[in-house]
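A.B. asks: Please model the entire structure based on the sequences and the hints provided.
Chains as they are written, first to last, in our numbering: chain A, 35 to 297; chain B, 3 to 251.
Honestly, the hints are just simulated from the structure, not real lab data. Hints are supplied without guarantee of correctness; some may be wrong.
A few chain A residues that face chain B, going by a derived Cβ cut-off under 8 Å, partial list only [what the hints assert, rightly or not]:
hint: 1; residue: A40
hint: 2; residue: A48
hint: 3; residue: L51
hint: 4; residue: S52
hint: 5; residue: M117
hint: 6; residue: L148
hint: 7; residue: S151
hint: 8; residue: V295
Note that the Cβ used here is the ideal one computed from N, Cα and C, for glycine as well.
Each chain, written out:
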Amino acid sequence: MTRFLALLRKEIAALFLSPIAYGVLTMVALVTALVFFEHLRLYNQILFVFASTTMGGFDTDTIPDHINLRDTVFNPVMDQLSMLLIIPLPLVTMRVFAEERSRGTEEVLLSSGLSTSQIVGAKLTVTFGFVVLMMAVAFVYPVTAIAQGGLGAQHLAAVFLGLTALALGIASIGLAASAFTGSQIVAAAAAVGIAFFFYDFGWTHAFVGEDLAAFLDAIALRPHFRRFAEGLVFISDLTYFLGLMAVAFVLCRFALDFRRVGG
Amino acid sequence: MTTAQPTATGVRVVARDLSRRFGDHLALDRLCLEIEPGETFGLLGANGAGKTTFIRLVTGVLLPSSGSVHVDGLSPAKDPRGVQQKLGYVTETSRLYPELRVRGFLRFAGGARGLKGDALDAAVARILLRFDLESVCDRLVGNLSKGFQQRVSLAQAFLHDPPLLIVDEPTGGLDPLQQDEVRSILGDLRGERTVILCTHDLGEARRLTSRVAILAGGRLRRMGPTEEVLGEREPLELFAPLAATGTPE
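C.D. replies: Structure below.
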């Protein structure tokens, strides 16, 4: 445990001493704010159109039920954020293993008495912790406004859980990509490519059979997030994202162990 | 520089028919050697001779393709953690974390070797003193000169007071003054613990080692007391790769 904690502290220090962490946090906060306020602006315009009377006043009774904060602002923002996460997350994960390999410190780690499970476990724990922090930052604006709109704490919690689970899933892909290369650029590009590819296979439904469509939905990221966005928490969706994290752990371990055999 | 205090007696390192292959390339070919406890042993050879491969096999970073190596009776292939607890490893060129401060880096290195609490504090304080790093202990590793970085690299290998020290090309890329400084640190270790010094600098080997092995093309070319091996004929010819049928002398 002492060894694991030592590496955990080093990873936290390395992450927060790197400008990338602050850059990504700032970028996520800015993008979230921009996306959110853009939808809020559109919502206000729509409200204005429906609520304006010919006499120059306002009448809220003329606003249709489907024009509300949840359906017009919150849900579209969450949907867009889920897609936008594919860009900043690989910037966080690309350095985790690839940097150690490119500057030769991987050999220092592997010869220091730390097991590969401890190395991978510490790195994944810190990265996943940072992703949760990132999601909390991304959630500030929507929560502040939607809490006023009466979405409900349970729905908010489900969406936060879903968005965080999705982010952890994308981060898992990024970590696995980082473990198999010494180039941070290759790791980031591979993570973006793989996450984008597995994001949603909905577009294939018109061309494939029902069974294959169901299978593609089962392995894609977005369908598992979508139910959270609707306020529904399914164990199967949580299992999917936890499974991605477990697969990332196994792949990262394999990558380190394989280098002992393959060089 | 503070005078070194003997703290350990060293361990025996034994390699038997040790081979390592990378695809079609045979980096180490049936190497047999024994390094005695407390000995400063030089591993010489040109670039690509197999020195670093041998070291990686001893540290457990790589697995052998065939044959075996044992450190104090333990196999790095089967019990890497057990072997790593007995060794300190200074890699070729300083492979450090430039974003960490010297003290923070040493605390991490000590923690990774299982030191904690007062034992860790004492080990870091002792090493900072021994390697004259107190003046730079709060500076970022990346802002240090190469000489200081190499000192930090050496210091991290001593934190857990290992009986075996493995040093790979410790003076590569350093200026003559820094080289002399590192050599004097290594010179202080003679007899204190087992040291495997991997180098292609003959002067360094003459100055620091009692016995050397010369590797060429992954094979053992010659092994014996340093003066005998390096003094009896033009040593540069020993660095040339062996013919395919060549056998160790």
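A.B. asks: Taking the earlier hints as the rules, which of them does this structure contradict?
C.D. replies: 5 and 7
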